[in-house]
Each structure stands twice: as C-alpha cells, then as structure tokens.
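Student: Work out the full structure, taking the sequences as your base and the hints as a guide.
Residue numbers (my numbering), protein chains in the order written: chain H, 1 to 396; chain E, 1 to 396; chain Z, 1 to 396; chain X, 1 to 396.
Accuracy of the hints is not assured; some may be wrong.
Copies of the same chain look alike in the list, so a pair counts if it works inside one copy or between any two.
Straight-line distance between alpha carbons at most 27 Å, and here's what the computed DSSO-like set of lysine-lysine pairs gives [claimed, not checked]:
| id | residue 1 | residue 2 |
| --- | --- | --- |
| 1 | 284 | 76 |
| 2 | 310 | 377 |
| 3 | 42 | 377 |
| 4 | 177 | 10 |
| 5 | 42 | 76 |
| 6 | 42 | 10 |
| 7 | 10 | 284 |
| 8 | 310 | 284 |
In case anyone wonders, no lab produced these hints; they're calculated from the structure.
Below, each chain spelled out in residue letters.
There are 4 protein chains.
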Amino acid sequence: MALTPTPADKFTFGLWTIGWQAADPFGSATRGPLGAIEAIHKLAELGAYGMTFHDNDLFPFEATEAERRAAIDALKAACDETGMTIPMITTNTFSHPVFKDGGVTSNDRAVRRFTIRKILRNIDLAAELGASTFVMWGGREGAEYDFSKDIRVALERYREAANLFGQYVIDQGYDIKFAIEPKPNEPRGDILLPTVGHAMAFINTLDHPELVGLNPEVGHEQMAGLNFTAGIAQALDHGKLFHIDLNGQRGIKYDQDLVFGHGDLINAFSLVDLLENGGPGGGKAYTGPRHFDYKPSRTEDIDGVWESAKANMRMYLLLKERATAFRADPDVQEAIAATRQHELAQTTLGDGESVADLVADSSAYEDFDAEAYFDGKGFGFVKLQQLAVEHLMGAR
Amino acid sequence: MALTPTPADKFTFGLWTIGWQAADPFGSATRGPLGAIEAIHKLAELGAYGMTFHDNDLFPFEATEAERRAAIDALKAACDETGMTIPMITTNTFSHPVFKDGGVTSNDRAVRRFTIRKILRNIDLAAELGASTFVMWGGREGAEYDFSKDIRVALERYREAANLFGQYVIDQGYDIKFAIEPKPNEPRGDILLPTVGHAMAFINTLDHPELVGLNPEVGHEQMAGLNFTAGIAQALDHGKLFHIDLNGQRGIKYDQDLVFGHGDLINAFSLVDLLENGGPGGGKAYTGPRHFDYKPSRTEDIDGVWESAKANMRMYLLLKERATAFRADPDVQEAIAATRQHELAQTTLGDGESVADLVADSSAYEDFDAEAYFDGKGFGFVKLQQLAVEHLMGAR
Amino acid sequence: MALTPTPADKFTFGLWTIGWQAADPFGSATRGPLGAIEAIHKLAELGAYGMTFHDNDLFPFEATEAERRAAIDALKAACDETGMTIPMITTNTFSHPVFKDGGVTSNDRAVRRFTIRKILRNIDLAAELGASTFVMWGGREGAEYDFSKDIRVALERYREAANLFGQYVIDQGYDIKFAIEPKPNEPRGDILLPTVGHAMAFINTLDHPELVGLNPEVGHEQMAGLNFTAGIAQALDHGKLFHIDLNGQRGIKYDQDLVFGHGDLINAFSLVDLLENGGPGGGKAYTGPRHFDYKPSRTEDIDGVWESAKANMRMYLLLKERATAFRADPDVQEAIAATRQHELAQTTLGDGESVADLVADSSAYEDFDAEAYFDGKGFGFVKLQQLAVEHLMGAR
Amino acid sequence: MALTPTPADKFTFGLWTIGWQAADPFGSATRGPLGAIEAIHKLAELGAYGMTFHDNDLFPFEATEAERRAAIDALKAACDETGMTIPMITTNTFSHPVFKDGGVTSNDRAVRRFTIRKILRNIDLAAELGASTFVMWGGREGAEYDFSKDIRVALERYREAANLFGQYVIDQGYDIKFAIEPKPNEPRGDILLPTVGHAMAFINTLDHPELVGLNPEVGHEQMAGLNFTAGIAQALDHGKLFHIDLNGQRGIKYDQDLVFGHGDLINAFSLVDLLENGGPGGGKAYTGPRHFDYKPSRTEDIDGVWESAKANMRMYLLLKERATAFRADPDVQEAIAATRQHELAQTTLGDGESVADLVADSSAYEDFDAEAYFDGKGFGFVKLQQLAVEHLMGAR
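Tutor: Put into structure tokens, the structure is as follows:
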C-alpha cells in the first residue's frame, strides 16, 4: 500500500532525532537514552531505509578507541542484520565546551586543529561505513556580537578547512561528497553561511566546488522567513541538492524540529511535489534519501517517539499521493495553462534571435500594448492555488 | 569639519528617496512631486556627491521620446552646473501593471520581451550619463503562491536576461557593471534571489559573473533577520560588493526604509567600521558610493525631507568618527587580542604543513586538552562588545 | 450541499476587499474601481450574507452631502433588492494626509477633533443601516520613532475618544457595539494596541468596557508570530470576540491579506474547529459574521477577484466539514482522552476542597511521584496532531 | 560618580543569570556551578542592590527539608553580612520532567496539584525573606500543537491557580504582589499569555486583579517584534508595571538574553528615558528594582561572567546619563514642541465641552482644512529622532 513506508521510499532518520532525550534550554531530559542498535532495529521495522548519526551519537566524546570500535562494529552488525544503510554521517563540532566559539572557525587555533582532526577521523568512518554523503552543520561557527570576529577572516578559515577535507577524500580515493547545512541562528546569534544562498555562494569559492553541495533543512530556512520550496528549487538549478533534512517549523522563532508537515503544510506539499514530480518528464527531481531531522516533542514518552517517527513517513507519503493526484487532474492542467507557465518555459528570445533582432522588433516595445495589463490579462494564480489546497485537503 | 558632508564622502541619494510622495498601502500621497533638477541642486548644496534614479523617476512610463530627452538633457545640465555625478542608475520594472507578475521572469513572454527592451534602453542611458553601476532590483520577480511558477524555470529566464545584458555591455563597449539588489519579500510574497547569498550563488551561474555583483540594502537583509554586516563581509570576501544601499529597519516587518542608523544602531556601527576600517592596512574595504535608499517618513513635510537627508549623512559621519576612535583605543586593541582574533588570521595548518603532518601531530588531537575549555579559556567577547557600545555612545 | 455558501453561513466581505484596485507600495493599480452596487449584487449571487465598508469605500472623502446621501440610498436599495445585510461598518481614519500621524491620537488636536466628528457621523450611518458592530482599526495610531509621542498620553487620548463614542451610542439609544481591530505594525512602525491582548487590556480601562470588544484578524496576529487560534480562545474566554476578520498570512512579513486558509492551513483548521465546535455542547463558540478581510492578489483581473472571493468561502466550508469529521472520529476521541484533556476540564482543587485541604494532602506533594514523568506519562500530543492533519487532508 | 553602581540604583540580578552554566539546546555546560553565597557577595561588591532566585536555583528539586533550610539560612546570613536584599523570588515550574506539559495548566491534574503546592511553599519563603514581589513565568504553560489543549480551559485553570495564590497571601497576611512574566514562545511552541497585553487582559479576569501585575522582559516582547518601550508605557498606563526584566535581544529569534543595551540600543535608550524621566514632574515613572535577567554568553569564563554583570549596570547608567542630557537640551525641547506633543497632552474636547458642542463646532469639521495636511503641517519626527540618536551617541 502506498502509505506504508518501504526502503524504496528512502526514508532515513538521524539517530539523534528519535534518540533525543528532550533536554532544552529550560528543562532537563524527559527521556532516557536510546541505544543505536535498538534504534536501527526499530527503524527497520517501521520501513526506513537507513539511519544517520554524528560521531558522538554513536560513542561519547570521551570514548576510548576500544569503545569507539565496539560501537561501530555493533552498528555494522545491526546494519547487516536489518538491511539498513548508513548513507550519511556527520560530526559533532558543537556540543562540547571546546567548540564554544566554533570548530573550524574558532578564534582559537588549537581548537581549529583539533576540530579538523575530529572531522578527518569521522570521514574515515564514513568511508568505512559506505556513507556517500558527509554533512557539515556549522552551528557553532558564528558570533553573538559583530566585533567578536572578522567574518571575512572566519570565512577564509572555513574555506581552508573545506578545501582540506575535499583534498583528503580525493587523496584517499573516497567516494564521498560534502553537504553543508545552513542555519541562520541558534545556538549562535548569527551563524556563518546562514541560508542555502550563502552556502552555495561560498561553495563556489572552494578549490573543488564539485565535491560540496547542500543539506538544506526545512526549519532552518523558515527561521529566516524564506520559502523552503523556492530555496530547494534554486539549489536544484545550481546542481547543489546533495541531501535534504525534512521537518516542521511554525514561523520565525526558535528551531522547533517538528514532524515534517506539522509546520507550514502548504509549503511541505509544494516541496514534495517538486521532489517527486519536478524532474525530467515529471519524475523525481531528487533521488537521494528523504532524511528526517526532527525532534519528538519533549512531552512524549517512547511510544510518542515512535508515533512521531511514523508520522514523518506517513506525512511524506500522503503528500506524495496528493501531489500525484494534483498533477493528474485535468482541471489543474487547465489552470496551470491559464497562468501561462508554459510561456515561462520558452526562452524570451526566439530561436536564433539576436539582441539586435529584439531591438528591431517593434511589437516587443514600440507597439506593445502595456495598458492591456490594466484590468485584464490576469494570471489566475489564486484559482490555481485554491485547486492545490483542495488537492492537499483531499477535496477533489 | 569631519561631520560636514563633502563630495569626497561619496554620499549619493536616489531621486525616489527624497522625491517619495509618501503614498503607502493604506494612504495616499502626503507630499507633492519633487523635480529632479530641484533635487540635484539641493543635494549638491547639502554636500552630496551624486544622485541616482530609475528611468521613470526622471520621466514617466508614458513619456514621449521628446519628453524623455528633455528630462535627460536638463539633468545633464544640472550635473554640469552643480558638479554632481550620476554613478548609478536603475530601471523601474515593478510599478506599472504590465509588471504585475514580474519583468524578466513574468510568465507572460511578451512582458519579458518588453522588459528587456526597457532595460536595454536604460543601459544606453547609463552609458550616456557615465554611470558605471547598473542596479537590478527584481522586486516583482517572485510569487505569492508556490504553484504560480516553477522557480527553476524562472531562474533560467532570469539568467537568460542577465546574460543578455552582460553581452550587451560587452558588445557596446560600455564600462558598466551590474549590481543585483536582493530582497526577501514585499511587494511579492517571496522574491527570487531573496538574500545576498542567493544572489551571489546565482551570479556564479552566469556567462560573465565578473560583470555582476551586488547592491545589498540594510533593511532587505534585516527583513530576513540576517546580520547585515556579516552579509557584507561575505560579499567582500567573494569580491561582489559593487554598490551598497544604506537605510534603517526595525526588525522583521514591512520594508521601513528609515534613515541610516535609525534602525539597528549597533549593526550600523559595525558596518561603517567594516567599510571604513576593514580594508588592507585598516583603510577602506569599499570605496564606492555610500548610497542612501530610504524614505522620509510619511509624517514629514518638505522640511522634514531635507532634515532626513541630512540625518543620513550625519549618521554615517558620526559612526565613522566613532569607529576611528574605537580602532585607535589601546584598551580596545587589548580586548580584541584577548578574543584571539589574531589567531583567526593565522592559517590553521602551519606554513608548509600537510594533512599528514597534522594527523601526525599528537598535540593537535591525542594530547589536546579539550577539558581546559570548561570553566576556562573564555573568549572575552562581552567585554569587547561593551567597549564597542561605549565607543558608539561616545562614552570613552 | 454543504460546500455551497448560503446566507446561513453568515459570510461577509468588506467592499474594500473585492474592490481593492491593487495599488501597493511599489506599484500602481492594476484594476479599475468596482462599484458598491455591482459588488453587493455579485456577492449576493455567490451566497454571501452581507457586505461591510468604510465610509470612504462608499463615497469619497470629499463627497458632498448629496453625493454621500445618493450613495447610501443606492446601497440601501441594493440591500433591499438582494436581501444582503450590512452587519458592520467602519471609518477610514488612515488614508487621507490629514491622518498622517493618526486620527484619535494624532499629536495635532485639530486632527483629533476632526476625526471624532468623522467617526460620529459614521456611527449615525451604522445606526441608519442597522449595523450592530462598529469596527475601529487604528492603523495610523502609532509611531515610527520612540520619541515621537508619549505612548501613555496617546492612550489617554484613545480612551477619551473611545469613551466618547460609547457614551454617544448610549445617549442616542443605538444598538451598536464597538470592535477594536489590533495590528502590530504597518502602516506605522509600531501601532498602538498591537495585539488582541493589548486591546483587551485597554478595553478594561474604558468607562463602558461592555460596549467594546475585538475584531481580530488572522494575519495581524500572525504578523507578530502569535497563534491566532490561541488568541481567539483567550478573546472568547474574556467575552470579547465581537467580530472576526478571516484571511491568510505566510509568516512574519508585510500584511499579505491572502485568501483564508492560503496561509497557515493547520492554524486555519483549528480556528474553524474552535468557532464551529468549541461552544457549549460542541456547537458554535461564535455566531457572528464570518468576515473576509483579504485582498485579491495584484496579479488577478476581475475574474480572479471573484475566484478569490469564492475561494474564501469554500475554504471555510471545507475546513468546517473536516472539523466535523475530526470531532466525530472515535480514534480522535480516544487520542484526545490519551492527552488527558478531560483532566484539564476538571478543577485542580476538588469540589469544596480548601487550600488547607490541599496542603494537608500528602499525595499531592510529599508522596507525589515526580520521577514517574521521566521516561513515562507521555502526553500523546504528536499522535493527536497527526490525526488532526490527516483529517485536514481528508485522509481518514 | 554617576557611572558607578550603588544600591540606590536598585540593580538586582537573578542568581540563575550569573550562575548560568551555559548549557544550551546544542551544547553542554561550559562553566561550573556558582554558589549563591559567592554570588551574593560578588554582586554586593559590584554595587548591586539585591539578588533574586527560583527555589531550585538555591536548592535542588530533590533537596531534603534540611538541605533546603540550610541553603535558606546561609542566604539570609549572607544578606545580613552584605546588606543585599531579596526583593523578588520566583518558582521553577519548568525544568523538571514533571512540568513537561506545564505546571498550573498541565493536562495532568496531579501535576497541577503538585505545582500549586510547590508555589505555595515558595510564597511562604518569599514572605520569610521579605520579598515583596513574586514572579510567575509560565514558560511551560502552552502547547506545540493547536489540538493539544483547549486554550480556554487552560486559561480557566490558570485563573483558578492565580486566584488561589491571591487568596493565600490575603489569608496569610503577606505583603506580596504577583508579577506575571509573559513570553510568546520557547520552550513551548506557543506560550499562554504571550505578551504584556495578553497578561494584563487576563489579570482583569481574576478575583483580585489589584494583587497581580507584570514583570515584562525586554527580549520576550521583542521576540514577538513588539516595541518594548511602548509595551511598558501601556503597562504603566494600566498601573501594572510591578517589576521589570532588563536584557538584550537582536530581533525575532530564539531567546538571547544578552546584556541590557547589547540588542536594540535605541529602544533601550527610550526605555530608560521612560523609566527615569517619564514620571510626574519628569521624575521616575517606575521606582522598583532594575532587574537584569540575562545570560552571560556561553563563550565566556567566570571573568566574562562578571564583566557581563558589570556591563548591564554600566549600560543602564550610561543610558540614564544620556537621557538626562537629552531632556535638558533646549534644542530637544524645541524639537519636541515642533512635533506638537504638548497638544497630545491636552484633552481633545475642551474643558466642559460636550459632544453636542463639538458637533456644533463647524471649525472642527465643516470648515476644517484637511488639505492643509498635504505638503504641509509636517510633524518633525525625523529631526527629533536624529537629536535623540545624537544624544544617545554622546554627540551633542
């Protein structure tokens, strides 16, 4: 059944999501720890495709080499047993006090050196586990105060680190790409590379931009009041959608990490439509994991945790089903045509038309009837939007 | 006197700023029109360096060729008379109903062709007037609804237009560069290229990225809750600060266009410090016009308009004076050193150090004392911030 | 059919909504004027219950007495003809330059006197038309700058005016109540009485608080990041929901005035559920007009205007249908019970229990097992939310 | 010297502020615990007037009666020794898992009973310590999801609890008043009584509204994009400013709790001006403690903690000095007069003037020259704002 998750749906979860113990800035944990092995078994049972983690989700910061190895080996065994994959891993460079001014852009050089070592080690682990995407969320790279650091210098250090990691995977022959996860603020007052735009612009300044893309997160862009679907579309245009973090956010406030679709539902609908139907010939525009990076609310016990995990997948599948029906509806096709979207797909200049030709075309300017757009030539956007919302509501 | 504006300060104003008649979404104009010639004379008298405009600030959309020419010639004469410059011009592709779904990305192809012609014509005017910067604010390029257009297709059309304009200035031999002005929303629900980051990423996909940079505006980035100084620093890092729009905004809300410094004063201070003292050897990091793109409040009559124009320049000069004193204060230098910013300026790897060398350096990882950062090794950021605010307040 | 609007649904529209000519801060009108008589006939045809207006929607600010009377009489005739009602009217105290610093709180005393006269005249008109609600949106009552006025003094003047209006309807024997419409900002930088909370607190300081309630608007509260449904619930608790403005808003930004439901869809769902099913015995919690205060997007022509009018009503009816099904679903009832909402409906102290009794009850404190709430006693909120969203999506 | 804090300045600090160990949602503590006794001695040394605390800042949730008593007695001894006061205390009803759905409005009745007991016990402690203000911050009273609870029912429970506490202090003869501290969100998605307005409206529904006022916090109102000074002015108008929390916030985002003045500096200036100079005859409008509720940034060690404590007091004193000079400047007085603020202080109706008199006054309406406000009769707000900012910057 279309609403029952299977590995073919490529749903993945961070170990830190279902495993979140629910401490927040004003309260202590409400849940005990969830072991990685238990988590992966349960996720497999629910129909997930894979699990992801930060190094210190799997083993503590202080772990000895033996402890680290034991945790890794147990995870690999569990993967073998369940068929689950580890398509992405990432590094915790934000929790420990040592990272209090960031990792790769800390003003403290020794911290930066330590951070690079920690990340390199984790890249080796990614390679060992067959993870093809290595996420970098620089949540502590930033500042509360404008005079705490020269942002240009910090970006130079960020670039130095990113170039070093890129060269490392090349030198090691690893089949790994990097995905930067932007966020505007929290836990720092202002974080470096605050939006998908800033991160893509930065990537273009790297030695190997082809190795680095994005891991955009729904809530992070929405925390800046930005349209997530539009941001993903630009990332696709630029060839930079390497991974994606799905969750929910209710407006500009602290990072809520709700279940996917439990925030801005209409935007979640257009996102799934883009991912599933926006590709060539109406197929998938993105084929990688649908990764949930959310937090089961602090009010929930372990049953609520698993309900929330299921809710994420069900929301995605429901939205996908609605998007398919939306695209198939002849009324929708007619309404789309009325908005003249097919004209947007045409180049503005004709085939072989030069600028001189355009300048010579008096119909384009001198004889163009601009006044016809007053009280006429409406675009029919509201009607199409209403159709979209009715499909979202299963009302057609 | 340092607080009296002179042309050397390079202060410029949009004709649409002092000339704004103060109609807003809920009210009609409270002021009559201000002629371009009167404006340029008055601005010259106040110590400005130049004036900028949209084509339809100088002559109406419906102007005949003769009317257009008369307005241009009168402006040129006024420039000659006053010594004022026209360093930048821009095109109105947002006011007339024809642009209701945008200009270069309207779903309506005829509108796009018309828009390109209107812009080409204005590029010729820029060349005629010696303007070296051509600003493109695509305020109508966007949508209210996620299904109104495929953003990827819209970006293709945006690119087609930008490439065409770039080729045009090359072909015509014009010494003109383009500056894209990002804005997240208003008047559209979501505008394409919503932040400095998104615009820089887009520029990298153009045929001639070297011809295109940014014209960031204080309020536009702050409408997305972003740190303007940090955004400008990234633009400088990427070599894309081609022009700048100074004004004031009080948080995430409608576009306020207040006087520069009358919004987030501390951020205005760090911005001026960056522009004036952030360059090589502590000189200017940006040498172009300090362009005010603001609106004299609707409550003001013409006296208030000129008070507000003066206030912009005075704010800049005051902040510059404060920034100079801040940088010269030995206590500040000491506090900056305590934040270890000099270490951030050092590369993380040593001169000639390879990744292998770093991996071999046990002091960097195995023997590194991460625990020393608990209850120690503070960064002293608050003390420095307090010093900065005291300098801003003239209290040291 | 449940999805076809009828007067029993009590849908009303402002004349300024469908009649909006679509001028915005950056563009001129894209549509011509729509006459009140045409509007009321068309709305009647679509199934509306009534129409509302500002004085200057019906006749211009400069109208002569004869012009004003002619417009009023024509409207009354059209009401008679169509069966449409005028349940609410309001006064334009914001568009004309005279109101540039507000109406009843302008620093200019002559403006305040003029404003009061204009409003009194319009109260008489309300009485003449049988409108029982008189809305006061003080959109210009506010400031851009903290030093422009002493807010306490401005509130005194606001109170003086509100008291005067209250006494006037008492003296005239009018059956009219007032409804204040809060808004946080736009067109002023900060507006007095910015939220439903501030307005209710202010009302409590009036001579006749019973005469004054609220007209909350979806988008206005959401522009402050507030939960509209929660605000309406508090207004109901305080007996102050006198009228309601329905529309859509996509987050904290300029006032969008989208179609109801085209913004935060989930919050629109909970709102309709509250209004329709939150009353005693599961009936209506609010029985007044469902008033749409929205703007047909500037991209639309007159066909789009009427499509958008229909969309508002259809959204409400769809959400009502979904809310009915939600409440009727036994799985939902079970999930609600699991959240212990029935316990919230019980008083915290038992019937007849005194504070001393509570203090003497060791089970409440000394023997209470607080630790049971760690890793247990979850509230099941996510599961219920998922059920709600599935009902909203017509997926159950 | 005016910039050296003394007890006469009435500066107070929460023990949880300087004692914050700097754990945040993404990182563990960076500082060790700070004992209450050490804290109070150090604060006394810095010139503070008093210290405040939550019960569980002084002794842990799990403390035995003996441990609790020992901590209280030690605190009292330290107060005696240092001369420090405890003018306010408050209760932690948000950190422990038991409060995961709130305290007095938890859906779980047993939790509500426990919470009331915990608060009653702390009211006794307030009385014992001579604290005259008892703050109630209901940070966990709220929801993430609209269907988690009926907000009206939750408000009934809130009211039940507030009434019970009020009756308790009456019955016990305590000289204690309550101050509700509003916050829009974080840690809950939406918190009950989200703004000063909502809280004041709620207070009016209590049995003893005279016992309950507000403890507004700078950052909390600014997290909703509201003007803090304007909110305080309304609270003063309504007689509800019982206490105040000073800190800094940079726009709509997570709760930053920066040093006072390190956020919106201009708004901090107008606030201090209101508090210090807004009273009768230009005296203090509020005479209670100036309470700092901030967090020393996580980047700081203990030296930075004390620097930040000093910075709060110095900012207040600097702003007070600037406000005094602002009010004393004849140019400012002239500019204020030009804004016609003296007219706002006049009643709109004349002494003894009736509504009938106003209606009969043709100069007020029929002969009023509204057109004079077009291109004339400006309010001079920008000029005054510029003067204010110059005083803030010490530039006059």
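Student: What are the numbers of the hints that this structure violates, sorted from low to high?
Tutor: Per hint list: single violation, 1.
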